[in-house]
Amino acid sequence: MSQYSDDDDDYSDDGSEMEEEEEEEEPEWNDKGGSGKKRGRSKSDSGGRGGRKKKSSESKYIVWEAEVSDAEDDDEDVDEEDDFFVNGETDLPAEDDQRQYYQPRFNPLQEVEEDFDNLEKIKERLSRYAKDDDYELEELNEVDQQALLPSVRDPKLWMVKCVIGREREVAVCLMQKIIDRGSEFKIRSVIALDHLQNYVYIEADMEAHVKEAIKGMRNIYANNKILLVPIKEMTDVLSVGSKAIDLSRDMWVRMKLGIYKGDLAQVVDVDNVRRRVTVKLIPRIDLQVLANKLEGRETVKKKAFAPPPRFMNVDEARELHIRVEHRRDQTTGDYFESIDNMLFKNGFLYKKVSTKSIAAQNITPTFDELERFKRPSENGEIDFDDLSTLFANRKKGHFMKGDAVIVIRGDLKNMKGWIEKVDEENVLIRSNMKGLPNPLAVYERDLCKYFEPGNFVKVVSGSHEGATGMVVKVDQHVLIVLSDTTKEHIRIFADHVVKSTEVTNGVTKIGDYELHDLVLLSDLSFGVIIKLDSEAIQILKGVPDKPKVSIVKAREIKYKIEKRTNAQDRYKNVITVKDVVRVIEGYSKGKQGPVLQIHKGVLFMHDRHNLEHAGFICAKCSSCVLVGGSNSGANRIVDSFSRFGNFKTPAPVPPSPRRFQRGDMGSNIGSGAGRRQWGGRGNDLLVGTYVKIRLGPFKGYMGRLVEVKEKSVRVELEAKIVTVDRNAISDMTDNVTTPSQYNNMGSQTPMHPSRTPLHPCMTPMRDSGATPIHDGMRTPMRNRAWNPYTPMTPSRDNWENGNPGSWGTSSQYQPESSYDPATPGSGWANSTPGRSYSDVGTPIANAPSPMTPSSVSYLPTTPGGQPMTPGADLDLMSPDIDEEGETWLTPGILVNVHKTGEDSKEGVIRDVLSDGSCVVAVGDRGEGDTVMATQREVRLVFPRKNDHVKIVGGKYRGSRATFIGLDGSDGLVRLDDSLEIKIMKPAMLAKLAHE
Amino acid sequence: MGSAPAQIPTSFGHELRACLRCRLVKTYDQFRDAGCENCPFFKMEEDHERIVEVTTPNFNGIISVMDPSRSWAARWLRIGKFAPGCYTLAVAEPLPEEMQLLCQEERVQYVLPKRM
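Respectively, the protein sequence lines represent chains A and B. To convert, note that position 552 of the first sequence is 552 in UniProt numbering; the numbers rise steadily by one, no gaps. To convert, note that position 97 of the second sequence is 97 in UniProt numbering; the numbers rise steadily by one, no gaps.
This is chain A alone, in the form it adopts within the complex:
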């Protein structure tokens, strides 16, 4: 009953206006008509559309009684209303009657149920009103339209079957028949809908009337059953048909019939009179078949086969002796190539079709389709100007307040602005442009959404729907978005995305199959799902020789391989899921990462530095060596640790994966960092593990860890959740783990706020996998993540080199965005005690590892670890500097001069000589004597919080910055130039002398 209630105001209002117009046609209502006219005039005086709008919006939800109060402002209105009441009362003498009259108008059905006795009376009255102009003279609005809803006393609609294609004819002929035969027949109307073939509706009170009227009519199957349309559906009959397709040039349509069914076509010309449209599309013509046909050699028709779309090549056609005529179209004057009465131009087929054979509503061509639609000769670039034709099919609510938009047509083309308000077809936008009125009304179709590189977006329509990512490039109205899921670039229309803070993996699940599942395919091969699309599933096959990706449909997957197996690496170490392995031979040589799936001796691992195949690598287990810890206990820690040393140096990684890093963007878009990072996410590592409480009243209890707080954790015991001290638990999965490690774990938490965003795809795996096989998955993680020394391992220091071996600790480590203002340097502070470092770390460090081929590569671990030790002299960092040879002493920085046999003196470098030695002025302001010092003799002075520093190494070498604090073993600085927050090795920071 509400189909009009939400509709635009015009309708009802107009309805009322129509009533007024009626008055004028009926002279006997002159006196009332007079007031009606007045009102009409006053309305037009009040300024056309706007005035009307206001009026109708007032009356939209308020029944007409409310208009009386409204009318207080307007004498004319009062007159009219009064007039009406007088009229109404004279017409309806009994109160009772009046109620019956009005009430049914608001809820006719109910009334009828209640007052069935009065039905006859009402009928009579209504028929009087129907004839009576008074009935329709009053202002009709939404409510009145609803009052017109059919009720039992209205004539009914009957569906009558007729010959297909003769619906209109039937309607017109019946009309003629009734005119010719006078009032002999009692049908009221006949409705022929364009979209409903084979039937017409006949409005009549009784089926008998319908039968009578259709008797003897051609084209009507009078013997077929006549169907009654339920009252509820009567309005649908009339309103469904009210959508006329507005075809216009350049519009995108889809073919509905024939071999081109479903194909995209573009409207070239519209012939409204003949209701035909000329469209251009990519021909599906098999030239050979055509040639055969033209030569009269009839080939067997394969009906189901439609040739693939291909641009017509006239030369090719000529080679097949197909006659190609050059013809000029008489109406347009354009030249076409005519082959077998088909017209071609630029390879496109120009086809005249009926408007009925194309679908024009809600056509959103995909990017690929449009690209294909572009003539290959035209330099391959799509002319994005004509993209505006795509906007015709926007949904309602396409634009939202606050959206950034760009004008794509008209005088204001390329003007950018923000949406203030969205009206029906006009959008009020606010722009920064001077001299323009703000806000500015722009036609909705002249607008396109606008994004800038760095925006995080979500795709809301098109083939990539559901994906999220970051805009990395904007090419007019096409965005290149780095998908969160696939880490691949996807090209999307700006119009199809919205800004979103959401990070999704796109589709992560289709049916039973989830991203990163190991599945068996129908051809008995297996692989890991690396990408899920709404249409297809990409699978990295378990073929170790070289990466092979196949795209399959969900039904081609036989089942998910759930079984978890182990494998042995080259040295017969047991590899389980989540162990970090390194590929030492074969195609993926040099890559390493945690193992995610193992099947039949084939490992699937994830190398976050690998941009191919969503980071997945497939390798034979015998080509791999275990790198990180395994789940087999403490002895492994030693092992793995030494191996960390081993793999310190390699791992060649593209130096600029920066733009692929989510965290990087954080600094670009103010709030980006904040909302993208999930503070303390590292805690989640612990959540879900089974722990045993060592101390306190719950000593000896075991349970699942449900929450990690700063000092305490919450553990779900068999039946209840209790709060215990962090130190009071131990992980049941690894008895060797000392409780103090949890402390360190805590300290690390702030360092990894951005863990998840970087690797969004990992989270579900970890979560899902954690519980059933937490033994296998937990432990290696903990080995790396919880062990106090891990942050100090070279792998951490070298995260920039991208050593993937440090996956657990630093793989998700994000330099820029991980800075959490709330806890600057808290990592440092917490880790300072270095509790377990002495008892666990040192023996390990001393342990001579057979896996360490060269002790040199192992060395840097020691200095690297120093910052973690309480009260460690930070100057000890400097060997690191020397070794790396990339530090850069410059004048102005504060140093400590250590001359053998002398006390160290603080001084300011005044000059640096070519041999590397420097002239140092003693004193923290350089006010003392100058001394010469070799590079070996100077040590950088480590800055304190808020000190000005100079960056003496790395990418930002030479930049000045402000030292914010330490986060773990990393220094946080804010660059003076860009105010960006960067993470530097402390060794790269040199305190500047006060000036």
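Because the hints were derived from the structure by calculation, they are not lab data. Even glycine gets a Cβ: it sits at the ideal position worked out from N, Cα and C. There could be a bad hint or two in this list.
[Said to hold, decoys possible] Partial selection, computed: residues in chain B whose CB lies under 8 Å from chain A:
#1 S64
#2 R75
#3 P96
[Said to hold, decoys possible] List of simulated lysine to aspartate or glutamate pairs, EDC-like, C-alpha gap at most 20 Å:
#4 K356(A) to E93(B)
#5 K356(A) to E15(B)
#6 K352(A) to E15(B)
Got chain A; can you put chain B on it based on the hints?
Same frame as chain A, but now just chain B:
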């Protein structure tokens, strides 16, 4: 049947046009010869060029109204006051503004087609 019926279309094909104001459907020729029964002020029969302005071939569905005042459908479609005849359920285009002004001058209300 109250007032005299409007002309009934003489064909059912592409020649049909609908009056943009009252939605009466007739052939071009009929509009040219007799104008629109409901909207005589358009004076189509005098100014043939106006036919193209105030009528459209682009309409959807036909309803033959035999008894407008007693037809629910006609009332629902707000054509209950017009002469019996063939109408369309909806037209897509609005009247040209000039013609809307004319309606205003003539004190007849014009209903803009609903936007989809």
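Going down the list of hints, with the structure as the test:
{"no.": "1", "hint": "S64", "in the structure": "holds, 4 Å"}
{"no.": "2", "hint": "R75", "in the structure": "holds, 6 Å"}
{"no.": "3", "hint": "P96", "in the structure": "violated, 15 Å"}
{"no.": "4", "hint": "K356(A) to E93(B)", "in the structure": "holds, 18 Å"}
{"no.": "5", "hint": "K356(A) to E15(B)", "in the structure": "holds, 16 Å"}
{"no.": "6", "hint": "K352(A) to E15(B)", "in the structure": "holds, 18 Å"}
Going through the hint list in order, the structure does not satisfy hint 3, though it satisfies all others.
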